[in-house]
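Listed in order, the protein sequences are those of chains A, B and C. The numbering used here numbers the first residue of the first sequence as 1 and each following residue consecutively. The numbering used here numbers the first residue of the second sequence as 493 and each following residue consecutively. The numbering used here numbers the first residue of the third sequence as 708 and each following residue consecutively.
Just so you know, nobody snuck in bad clues.
Facing chain A, from chain B, some residues (calculated, C-beta under 8 Å):
no.: 1; residue: Met630
no.: 2; residue: Ala639
no.: 3; residue: Leu649
no.: 4; residue: Val678
no.: 5; residue: Met683
no.: 6; residue: Arg689
no.: 7; residue: Gly693
What the hints contain is simulated information worked out from the structure, not anything from laboratory work. These numbers come from a predicted model, not from an experiment. Think of the CB as a built atom: it goes at the ideal place given N, C-alpha and C, for glycine as much as any other residue.
Given next are the chains, with one letter for each unit.
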Amino acid sequence: MANTYWMPILLLWPLVAAAATFALRSVRRVLWFMAASVWALVPGAAALVMQVQGSGSVSAADGWLYADALTAFHVIVMLIVFVLSSTYAVGYFANDKSAALTVRKARRFAALWLTTSSAMMLVLFSNNLGIQWAGIEATTLVTAFLVCTHITPASLEAMWKYLIICSVGVALAFVGTLFFAAAMERAAVDGASTLLWTDVLSHAGELDPILLKTGFIFVVVGFGTKVGLAPLHSWLPDAHSQAPAPVSAIFSGFLLNTAMYCVMRYLAIVSANAALTLWAHELLITFGVLSMVVAAAFIVFQHDLKRLLAYSSIEHIGIIALGLGVGGLGQFAALFHVLNHSIAKMTAFFAAGRLGQQFGTNDMRRFARVLTTAPVWGGGLMASLLALIGVAPFALFMSELQLVRAAIAQGRVAAVVLFFAASTVVFIGALRLAIDAAWGGETAAPAGPPATALDKVLVAVPICVLLCLGLYLPEPVQALIAQASSIVGGAR
Amino acid sequence: MNVVAEFVLVVLVLTDLAVLATSRLTTCVRLVAVQGAVLGLLPLVLRWPTFDLPIGTLAVSALALKGIVFPWLLLRTMRLVEIRREAEPYIGYTLSMVVGVLLVAVSAYLSTQWLPVSAGNAERFFLVGALAMILTGMLVVVSRRKAISQVLGFLMLENGVYAFGVVFLRETSLLVELAILLDVFVAVLVMGVAVHRIQRGFEHIDVDQLSALKG
Amino acid sequence: MNHFPIEAFFAVLAGMALAPLNLGVINKVKAFFAGRKGPPLTQLYSDLAKLAGKGAVYSRTTTWIFRFGPAMSLATTVLALAMLPLGKTSALVAFPGDFVVVAYLLGLGRFFVILAALDTGSSFEGMGASREAKFSAIAEPALLLSLLAVLTVAPHEGLTPISAASSALFGAAWLAAVPVLCLVAVALFIVLLAENSRIPVDDPNTHLELTMIHEVMVLDHGGPDFALIQYGAALKLWVTSCVLVAVLIPWSFSLTGANALVGMIGISALAVAVGLVESSMARLRLTNVSQLLTAAIVLAGLAALLALSGALS
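So here's chain A without its partners, still in its complex pose:
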C-alpha cells in the first residue's frame, strides 16, 4: 500500500477554512469563501483518486487512514455534491429576501458546512472502525444545527427529532462495531485492539459467525437509522423539509451515502465470511424493499415538494440497499445508483429551494406554471423529477434496470415485483404533482427573478451528466465502480 499525504490535507483544510470564516465581515464574502474552500478540495481529491487508480489502495498515518476504490468513488460523489451545493448556496442565500442571513449566522453556517465536509471525509478515509463511527456521530452533531439555520418551531422540531433519533441509532451501530471487535478478540488475532477494517477483512473467515451476525444486525439497524431505511426513517422528511435547500441537497446527496458507506464496509467483512453472505443479503433486501414500499405509500399524499423529495430519497436508499443485497452485478448497479441519485436529488433540491423562495411556500399546489414563470429552475425541477422517478434515458433508469436484471438472474421474484409496484406508485404520485406544478395554476402567476448564468450552469451540468451517464458509461468510471463493488463483495 502506497503512502499518501493527501488524506490528512483533505481532512484538515476544511477545518482551517472553517476557522478562517470568522475573520470575514460580510455575508457575501463568507459564502463565497465557503464555496471557494470547497472548490479548493478538488485538486487534492483528484490527486488522491489518481493515486488509488495507480496503486490500488493508499494509506496514511500508519494505516489508520486508508483509501481504496470504494473510497475514491465516494470521494468523487461527495465532491460533486459539495462543490455544486456550495456554489448554489451563494445564490440561494443572496436571494432569500424573507429570512436574510446575518453575518453571525452566515459565519456559523459556513463553519458548520466546512466541518461537515471534514467529518464526512473522516468517515470515508478512516480505517479504524471506531474512529469511523466517531466521524458519523460528528456529522450528526454538526449537521443538526444546519437544519435549524432559520429558527422556526418546525425547524427546531425537525432538528430535535433528527438529533435524538440519529444519536440513538448511531449508538446502536457502535454496539455492532463492538461485536465485530469482540469477534476479533475471540479469534485471538494480532492487533485486534486497533480494529482496523483491513485487518478485520483479512481475518473474516476465522471470526465467530454468531457475533458477526448480531453485530451486523446492530450495524444495519443503527447506521440504517442514519441512512433512512424504513422503519427508522421518521426523522428524514422533517429534516429535509425544514433545512435550507443547500443543506437538504447535501443531506440527500451525501450524508445518507456516508452512512451507507459504513454499512458497505461491514457488508464487505460479512461477505468475506462465506457462511453469512446469504443471510446478510436477505437482511438488506428486506430493509430495501420495505423502504421502497413505505416511501411509495407516503409519497402519494405529499404536497410539500421538499417532503416529497425526502421520501423519494428513502425510496432510492431502499433501491441501493436492495442492490447491495442482491450482490454481484446488483452491487455494481447499487453503486452506480448512488452516483446518479446524488446528482439528481441535488439538482431537484436546488430547484425546490429557488422555486420555494419565488412562491414563498414549498406547497406544490401553489406552484403555478413553473415552466413559464421560472424556466431555468422549473425546467430543472421537471427534469430532475423525471430522472428520479426513473424515466429513460436518464442514468437512474439504467442503474435501476441493471439492478432488476441482476435480481431476476438471482431469482428474487418477490423483491422485483414489490420494486415495480413501489416504483409505479412513486411514478404516478410524483408525476401528477409535477405536471400540475409545471403547467397548471393561474395564468397571472408572478414571474421569478431572471436566472443568472450561474443558475443555468447549476441546472444544466447535472442534467447533462445524468443524460450522458444514461446513454454511455465511460470506461474509467465503469472500472472504478466495478472495483468498488468487488470490494463491497468481500474481495481484498
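Could you slot chains B and C onto chain A? The hints should help.
Same frame as chain A, but now just chains B and C:
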C-alpha cells in the same frame, strides 16, 4: 470477585429502574451520575488484580466525565430552561418500572446467547447490566415527554454501550473508549444547546407538542 | 423426628408472648423522636387485659362472620408463626413448599377480616376493605418472589422448607448471596410496612376514617373481639418480621437457644427500624402507595432473577 460484580450489576440496574420511576428530573440526573461513576470504576473492577496506567487513566477520565461533567451540563441546561419535573410519560411510571424488569430478564437471556461458555460469572453479570442499560435507555428516549429526559435516556444508552465495550473487549482499545467518552461529551453539550434553543423558540420543551410535522 | 424440637417450640411460645412488647417498642421509638415519653412498653398487655374484661355489642346487621373474623385471623397468624423460623432456628412445622402456605395463610386471615368488615354493611368499612384488598393483592407477588429468591440463593438440594433455607444461609453462603439478600430485605421491608399498615402505607394513629385503610375495617369490633384483633396485629408484625430477620443475620450458633435469642434481638431491632421509618416519613398519597408496592415487586423480581441466573450458571 463475583459478589462485587453482582453488587455493581445491582447498583446499575437499580439506578436504571429508579430513573424509570422518578418524575423529578434532578433526581434522575443524579442517579445517572451515580451510574456513570460506578461505570468509571468498572474497568478496574473487571481486571482487579492487574492494574496498569492506561486502564487507570480510562477509569479516572470516565469517572470525571460521566460522574461529574455530564450531570453538571444537564443540570445547567435545566437551570437555563427552568424545568424541574417530567410530565406524565406515555408509559406510566409504574408500568415503566415493570417493563424495566422485563428488559432485565430479556438481557439475561440474550447474554447467555452471546457470551462463550468459558466466560466468567463476573463478565456475565456485567453484560446483563450493559444490555439492560441499553434497553432501558431506549425505553426512556421513547416514552418521555420532555426533551431533557430524552437526553437523559441517551446518556443511559451510552452508559450501556460503554459498559458493553469494557466487558466485551479484554484488551480495550483505549482510543476507542476515549472516543466514545469524547463523543458523548460533545453530544450532551450539543443537545443541551439544542434544548435551550427549543425552549427559546417554543417556550417549553414538551416533545409531545413537537408534533406539527406529520406524514 | 426423634427428639422434641425444643428450640422451635420455644420460638413459637416466645413469639406469642413477646409480640405485644414488640409493638410497644415501636411506639416508644416514635415517642422518643417526637420528644415525648410515650406509653410504657407493656401498654398493649394492659390494653388486652382491659378489653378482655369488657362486653361486646353486636349490630343486628352482622352475621356469624363478624364474630368469626377476628378469631380466624388470629388462628391463621399463629399457624404461620409455627412455620416460620426465629433467627436461624428451624420451624416447628416445616415441609417443602411451605412458603406458599405461609403466604396464603396470611391471605386467608386477611380475607376473613375483610369479610367481617363487609359484613357490617357500612360504607366506611367497605372502603377500607377494598383498599386493603388492593394493596395486599399488589404486595403478594413481592412476598412470594422474595421468598422464592431466598430459597434459590440458599445452599440446598431441591425444594426445601423456608426455615431450612434461611438457617442454611450463614457465613460464606450468606456473603455470596449478599446482593440478592439486600434486594430481598428492602422488598420484604416494604411488604412488612404494607401488611401491618404502617407509615408510609397507612397511619395507625389517624382518626380520619377517610384516610384509614386497616383501622377502619376494625372500627366496629369491640371488647374481646377487639382484643383478638389487637393481639393478632401484634403477632402479625412478629410473623412478618421473622423471615426478614432470619435472612439478614449472617451468623449461626451451635449453642441451643443462642439462635433464637439472636433472632429475638433482631426482631426488636427491626421494630426500632420500623419506628424510625414511621417517625421520619409522612404517609404517601394512595396512588403513590401502589407505586411503592410495585417497586417492591420490581425489587423482589430482580432478586429472583439474580438468584435464578446465579443458580443456572
